[in-house]
Amino acid sequence: MTNPDILIVGAGHNGLVAAAYLAKAGKKVLVLEQRATAGGQLAGATLASGATVPGLHPAGQLRPAIVKELDLARHGLTTSAADAPYVSALPDGGLLRLVSSANDTATIEAIRRLSPRDAGRWPEFVGFMNRAAAFLDAAYSTNMPRLPRIELRADGLPLASLALQLRRMGGKDMFRVMRSLSMSAVELTEEWFESETLNAAIAGVAIHGVTLGSMSAGTGFTLIHNWLNRGGLAHRTSTGGPQGLTEALVKAVLANGGEIRTGAGVAQILVEHQRVLGVRLESGEEIKASTVVSEADPRRTLLGLVGAPELPPEFVWQTQSIRMRGSVAKLIVRTDGRHGLPDGTVAIAPTLRYLERAYDSTKYGEMSQDPYLEVTTLGADVMVHFQFATYALRNADWGSMRPELEKRALDTLALHFPAFKGSIQSVQSITPVDLEQIVGPDRRRPQSRPADPRPDFLHAAVAGLVESPHPDRRPVSLRFGPAWRWRHQWHPGSQRGAPVAEGLAFCGLGGATRCEAKRHAAAARWPPPRPTTDSSRAPPASG
Amino acid sequence: MTAAIASSARALGVEIRTNAAVDKVIVRGGRATGAALANGDELTARVVMSAADPKRSFLQFVDQQHFPDEFVQAIRDFRVRGSSGKVNIALSGLPDFTCLPGEGPLHRGAISISPSIEYVERAYDDAKYGNFSRQPYMDIIIPSMIDRDMAPPGHHVMSCFVQYAPYDVEGGWDDAKKEAFGETVISTIEKYAPNIRQVIVGKQVITPQDIERIAGITGGNIFHGELLLHQLFFMRPAPQWADFRTPLPGYYFGAAGAHPGGGVMGAAGRMAATEILKDWQ
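These protein sequence lines are chains S and X, in that order. For reference, each letter of the first sequence is one residue, going 1 to 543 in this note's numbering. For reference, each letter of the second sequence is one residue, going 1 to 281 in this note's numbering.
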């Protein structure tokens, strides 16, 4: 492609979604991907050992509006299976099988065996969680203001509409939602249910992917967040899996005239006089464009690709303060098919204490002795999500801890599924260090600097922002830093941290989440009108 | 401080009756009309305000039939787990801290035993699983350094605020466990002030259960309820009832379990009084 309008760094699902919307709006969009395949964390990978593994996540669901607007069904995206079961493996060898539906009689019967009172509350709980997730979904589709500055029309109206939506839930639900966000998973579940078995099963979903324990404040929020993204407790896998999702997005980009170059790692985002000029690839090739959208995590984008010298000091500090503690490992186990695991999402989360103890170890730089596991099967393949495996091991390194990681995961699973060990044919493990190397190697990192960015699946701990003492660090409005929204325009002379560079935008998990790309990248608003009444927002004089 | 507030109140015409435990709030015609004391006395008043904790104020003093179910549930859900203990130590001399030997400004200030983030976190870990901290976080003051009347000449009292000591400790608080807790506190101090055992002449160990018994605070939580975001501001003590009024007309609530929460600041009492006066006309 010659003279692209917009460069997108990274062909993960957010980069591809942004590219498809921008291409659909008639822009000349070029996506640059360092790896040989598109898909980011959803793509398969070749490990250092030479082994290949499928995508890192068992499932994913784009927001329905994106599927519709990008016509992804036409590009081959299949609908997810409804009523996927979530199965908690119990210490006595039993299974608690939950379908996240208010009226699934088998689920209600299973809960009744634990507690008749809890069985009576289950339908109300599912209803509440669905409504709370819908509210979060609305918040995730709302552009967050660059506080403390609020433009009445652009920011105030969407925020007011969000507040109205919360109010319309009615007094009871409104307070429940507000209370739930800051609660711990233990506090939240114990207000609903008395059965520890049930509460622990739910709390597993609340701590999934974050470096927080079931007793940590803010895991009420992550429960609702994960409920929204999964559509309940269980992952809903679709035929074709996450790779099918990537393929559909790639087709949507290409069909709209966009171009994707793989094997094209970006070494630097070129900036001059706070204006983005384009990028330099690792090959040395330079590509000019007036707009660059980065899908890489915020630290890597700003400190690695743009570089601290181009940033205001306060903003460098804010970027360095983003919490990105990765603590997840993955195992892919190939079996002969007789693994004995049930269908659906299987969790090893027998008690709240078990989950909390698994978390405690990560605080002190250790891997969980008895890990919280979440397991999904695809035929004979078994995918294991392992928490907690801290990136920053204190007295060991991941090179030597790999056998121990595999042993603890497989032993824990075998405890609940005796047939499992005998069915194993091969095991591939992905440590947090492998993950960093697969999806986010910062090849420009000087040797002397500490190993960052750390591999955080969510590109910056979701609830890490909730636990911040900063009074208004709400996860939705302050994703990656106060006063920073997904789009960064130049504010010369601004007292608050001035933005990086005109023409640089974010679309990864650390910036806007999912569907914001769709709304804000719409052609009608691109490039954004620059208000002339507010001199602090005006671009710098050219030359 | 207490004496000054009491004196100020008396000067304004307030009568304070001690040894007058309230058993029930009297409700007539859907209104709080007074209080029945444990000794059988009944007192009538236009307004009753509780400064007890939310559980006692709403689940004990008043029959639940006078409140909406949702309100009762919210008070039941209110978290009040006490987690701090206190060890008061009588000393025949000052503790000599190795970090600052001899008598010095630290004896007049606050002494904190919190050597690392990990230390504090591990102290909390113990409490999560129902144990008192094996190496507790401590906030120590020696008030007799300021108020010489508190101890005989040359003697001192040392007050140690200790975390964590969970209310519902595994196996319950008995004399042996209290003794073990006190010993843990002293041996922890000993690491920083090795002469402590030689100067101890007496000690008193107070657990959250003692706080509950002595001060009548449910759960022995010094804040009358945990300072968690979901039970603060307009949700303290319950959603829709953070303005010091209660669902029972004539019954008000103005203590640490109300907005703005615990701490020796008096804010809840002042705001409650203001709201009561607003309703008076």
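Mixed in with the good hints there might be a few duds.
Stated by the list, open to error - With a Cα cut of at most 20 Å, we get these calculated DMTMM-like pairs of lysine to aspartate or glutamate:
#  : chain 1 : residue 1 : chain 2 : residue 2
1  : S       : 363       : X       : 125
2  : S       : 363       : X       : 118
3  : S       : 172       : X       : 70
4  : X       : 177       : X       : 226
5  : X       : 128       : S       : 194
6  : S       : 172       : X       : 121
7  : S       : 172       : X       : 118
8  : S       : 363       : X       : 243
9  : X       : 128       : S       : 343
10 : S       : 421       : S       : 310
No lab work stands behind these hints, which were simulated from the structure alone. These figures come from a predicted structure and were not determined experimentally.
Hints, verified against the model:
Taken as a hint, the residue 363 (chain S) and residue 125 (chain X) pair is honoured in the structure, with Cα atoms around 11 Å apart against an allowance of 20 Å. Taking the CA atoms of residue 363 (chain S) and residue 118 (chain X), the gap is near 8 Å; set against the 20 Å cutoff, the hint holds. Pair hint residue 172 (chain S) plus residue 70 (chain X) holds up; C-alpha atoms about 9 Å apart against a cutoff of 20 Å. Distance hint between residue 177 (chain X) and residue 226 (chain X) is unfulfilled; the C-alpha atoms sit about 24 Å from each other, more than 20 Å.
With a CA separation close to 18 Å, the supplied pair residue 128 (chain X) and residue 194 (chain S) stays within the 20 Å bound. For the given pair, residue 172 (chain S) sits about 35 Å from residue 121 (chain X) by alpha-carbon distance, which is inconsistent with the 20 Å threshold. For a cut-off of 20 Å, the pair hint linking residue 172 (chain S) to residue 118 (chain X) is broken: about 40 Å separates their Cα positions. The suggested pairing of residue 363 (chain S) with residue 243 (chain X) is violated, with an alpha-carbon distance near 40 Å, which exceeds 20 Å.
Pair hint residue 128 (chain X) plus residue 343 (chain S) does not hold up; C-alpha atoms about 34 Å apart against a cutoff of 20 Å. Pair hint residue 421 (chain S) plus residue 310 (chain S) does not hold up; C-alpha atoms about 53 Å apart against a cutoff of 20 Å.
Comparing the model with each earlier hint shows violations of hints 4, 6, 7, 8, 9, 10; every other hint is respected.
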